[in-house]
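Q: Throw the hints in and build the complete structure from the sequences for me.
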Amino acid sequence: MKHWLITAIPEYNVAQAFKELGMIDRTLKYLIKKGDVVYIYVGGNVRKIIFKALCVMEKVPQDQWIDDSAYYAEDTAVRKRSSWNTVRLFPLYNFETELTDELSLEALDQYGQLGMIRGARILENSPLLLEYIHSVEQTLKQQSSEQQGPVPTPA
128 MKHWLITAIP
138 EYNVAQAFKE
148 LGMIDRTLKY
158 LIKKGDVVYI
168 YVGGNVRKII
178 FKALCVMEKV
188 PQDQWIDDSA
198 YYAEDTAVRK
208 RSSWNTVRLF
218 PLYNFETELT
228 DELSLEALDQ
238 YGQLGMIRGA
248 RILENSPLLL
258 EYIHSVEQTL
268 KQQSSEQQGP
278 VPTPA
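Residues in the sequence shown are numbered from 128 upward in steps of one, following the numbering used here.
In case anyone wonders, no lab produced these hints; they're calculated from the structure. Keep in mind that a hint or two might mislead.
Claimed, not checked - Dumping the calculated SDA-like pairs for lysine to any residue here, alpha-carbon to alpha-carbon at most 20 Å:
no., residue 1, residue 2
1, Lys268, Thr213
2, Lys156, Gln270
3, Lys179, Gln143
4, Lys268, Leu219
5, Lys179, Ala142
6, Lys161, Pro188
7, Lys186, Leu158
8, Lys160, Asn252
9, Lys179, Tyr220
10, Lys186, Leu155
11, Lys186, Tyr220
12, Lys161, Phe217
13, Lys160, Gln189
14, Lys161, Thr213
A: Now the structure itself:
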């Protein structure tokens with residue numbers, strides 16, 4: 128299993144697509160495999176990692192592609208996909224609703240990102256960055272469990 132950092136254009140509403148479709152398909156030049164974890168970074172004015180997803184299918188056949196064209200801004204050209212590198216992503220975590228700047232480009236730069244995020248990269252090649260992202264996730268999980276309070280035990 129690898130951990131990937133990929134980009135999504137700001138004109139694509141990733142959050143709404145995941146919410147309404149349950150999964151999204153992404154076409155990439157990179158060979159993301161089933162079981163790989165994918166962090167989705169949105170550029171433009173957002174400039175943050177907003178989702179963690181799991182690749183549940185690789186090389187999605189064209190006749191099974193999810194139509195997500197409604198989630199692109201009207202003036203955005205939707206690129207044609209190639210079946211050899213279209214992957215299906217299932218959302219694991221929505222950082223957008225819980226974070227301020229912990230996964231912003233500026234924060235990521237402090238842990239080895241070094242500049243704009245374009246395309247896709249394997250995070251195992253940047254161990255400090257991957258460790259930082261995992262630490263942010265752990266902090267969020269701890270905060271979430273503390274807010275929920277203790278779990279009742281059966282009598």
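Q: Would you pick out the hints that fail for this structure and give their numbers low to high?
A: 1, 2 and 11
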